[in-house]
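Visitor: Starting from the given sequences, assemble the full structure and let the hints guide the process.
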Amino acid sequence: MVDVNKLRETAKEVISREDVRELIGYRPGTYGFRARPAFVMGPDEAGELIFTPACVNNLASYIVLEEKLPVKRGEEPDLRKVAVMVKGCDSRALVQQMEEKAYERDRILVLGIPCTGVVDMAKVEARFPNILELGEIALEGDRFVLSFNGTKEEVAKEELLADKCKRCRYPTPLVYDELLDSEVERFADDDYSDVEEMEKRAAEDKWAYWEEKFSRCIRCYSCRNVCPMCYCEDCVLDRLQPQWMRRSVDISENTAYHISRAYHLAGRCIQCGECQRVCPVDIPLMELNRKFYKDVEELYDYEPGTNVENPPLLSTFKVEDREDFIM
Amino acid sequence: MAVQKLSKDKVAEALGELCKFRLIAPAKSDDVVVFKRIDDPAEAYLEYGNSTIPPKKFAFPQTETLFRFIKGSPELTEANVEEEGTTVIFGLRPCDARAMAIVDKLFAWDYDDPYYLKRRELTTLVGMACIEPPSVNCFCTSLGGSPFGTEGLDILLTDMGDYYLVQAFTDKGKKLEKTLSSQLEDGSAGDEKKAKEMALASEGKIRRSIDTDGVPEKLPDLWDNELWQKVSAACLGCGICTFLCPTCHCFDIQDEVEEGEGRRCRMWDSCMFSEYTVHASGHNPRPTRKERTRNRVNHKYSYYPGRFDVIACVGCGRCINLCPVNIDILDILEQVVDA
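Quick mapping for you: the protein sequence lines, in order, are chains G and Z. Position 130 of the first sequence, counting from 1, maps to 130 under the working numbering, and the rest follow consecutively. Position 332 of the second sequence, counting from 1, maps to 332 under the working numbering, and the rest follow consecutively.
No lab work stands behind these hints, which were simulated from the structure alone. All C-beta atoms, glycine included, are put in the ideal place defined by N, C-alpha and C. A couple of the hints might just be wrong.
Only some residues are given here: those of chain Z computed to face chain G with a beta carbon under 7 Å [claimed, not checked]: (1) D30; (2) Q62; (3) R207; (4) A233; (5) C238; (6) G239; (7) Q254; (8) E275; (9) P287; (10) T288; (11) P324; (12) N326; (13) D331.
List time: in silico DSS-like cross-link candidates among lysine-lysine, alpha-carbon distance up to 27 Å [what the hints assert, rightly or not]: (14) G:K68 to Z:K230; (15) G:K166 to G:K123; (16) Z:K28 to G:K123; (17) Z:K175 to Z:K193; (18) G:K206 to Z:K28.
Reference listing, derived: stretches of chain G covered by chain Z, where coverage requires no fewer than 3 residues with Cβ under 8 Å from a Cβ of chain Z [what the hints assert, rightly or not]: (19) 30-38; (20) 129-136; (21) 220-234; (22) 238-249; (23) 276-283.
Guide: Structure follows, in structure tokens:
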């Protein structure tokens, strides 16, 4: 567990540096067990920062979500660094963004958090519904301890842990300037059993399954917007002339949207699971992403977001690349 | 007519009777509850808290074709909403019905929207009182609503244990009661009294609140306040808060073309999307999420009450529950009050 005092002291030092513009971290949410992103602009604000298993958001998304307005006449662009707190999975988003040359390494200052796993907030809220007063979640051994309304409840880690954490290979950040705790060993390997189960199903079963899921989609684009790898300046979905994707919300367009999205993330998705977490209608998007992830690993022995020096998989060609699956 | 009641044993039969209309009821799909067209009473899921998506789309569809144009034909084929037929939305929550009453004002304002108003004319709203507030983030009572509110409803059902108390308030509601005369029985005045007590008890369990007095007048003065930067910093710019809002009603109109056929379509739009205000020149008067968040709050809490004398928020709590980054409208409003 990250020592909150150490976190705040480090954050205070970092945000006091002349070459740092802002620090993106976590602070307590507005109700219950929620935590939310914090945008620290000065040393006085560092005192509200936290890191707990409730800190589910992947803050790497904010590096590429930044809105750059034209610089006014007579002003200079602000080129100071953005400091960002990342867990292991989140750090892979930074690595992948840099593999893709989204920005240079010296633009960011990374505070790495060796992560012992975050909760699935939906599971927490199903187990402890209607908690308004701010509660806290801590990990003690193999149990989450939830403190709220003056009481404490213990729950086995397994029961509230986010699914992505159960197969996490990289709990310790792969890129950082400062590590806020000692390294964490990987807790499990990914056996892809869920993907294999889906692969075994008959095509018509798979279609019926996805048709039902996609028919619920309302195209709020929260899965796109939260994704640290969806950062095209001009997204094909927002284009009106020519219009590549109709705005009509129906099973045909919804399917086209989700399939295109999954393809655009092949060899790029780092499995932070944010798309599935934010979906208001519970579409299991990671099942699609994980199929691509598995294929990419098997075909090219490549894992996205693991090494800044790796060239992006689908923009490079190697003569030894497999091609036996190409017709 | 005396107050009526519907035994829970007869609910399936009553829903079966209503299937002769276009019956819309809550249904469960995985853990998501959405309103949908029901052809079989067994599909209805009435033991729900609140639906993820409000039932507004049955008056204001997410996508609707206004007219079609066929290659080689000079005629336009116009949509005929009448063909959708008599519709019953069964089991919606009082906040969502009140939201429809609020949005009605907009669609009947400077121009009578024929599509929306026709659907509303064809639709009977059968509400389901909230015995318990469905969410920790419910705050309907701060905005003039109630878990037992009747505004916008034709009929309100109250779960009394073995049966539902059935109270009809409008001609449409009374007409529907007649349709269900074989399933309904006479209730008692005692039931009504008990329901009033239950309403007070439920209202007492609403835990979040905001004093909106003076907020509509104050918001314009806070245009350049630094609070907008702070409350929007975490915003991802997605459409959850607006698409899931029962009072959000913005739409876009686009032409879509497919194999010799063109369609002029109207679809939900969101002020949180970057292209919502993009001009043809490329200029965007709301260039960042800060301006968009400010607009969302101003529209609901200042512009709408300025025009229609009612705040365009019913306190259903969906935008709070489902925001991926915990942007909380009550947190924003508290900052507005304190500013």
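Visitor: Taking the hints in turn, state whether each one holds.
Guide: Here is how each hint holds up against the structure:
no.	hint	verdict
1	D30	holds (5 Å)
2	Q62	holds (5 Å)
3	R207	holds (5 Å)
4	A233	holds (4 Å)
5	C238	holds (4 Å)
6	G239	holds (4 Å)
7	Q254	holds (6 Å)
8	E275	holds (5 Å)
9	P287	holds (6 Å)
10	T288	holds (4 Å)
11	P324	holds (4 Å)
12	N326	holds (4 Å)
13	D331	holds (5 Å)
14	G:K68 to Z:K230	holds (17 Å)
15	G:K166 to G:K123	holds (14 Å)
16	Z:K28 to G:K123	holds (18 Å)
17	Z:K175 to Z:K193	holds (24 Å)
18	G:K206 to Z:K28	holds (20 Å)
19	30-38	holds (count 7)
20	129-136	holds (count 4)
21	220-234	holds (count 6)
22	238-249	holds (count 7)
23	276-283	holds (count 5)
Going through the hint list in order, the structure satisfies each hint without exception.
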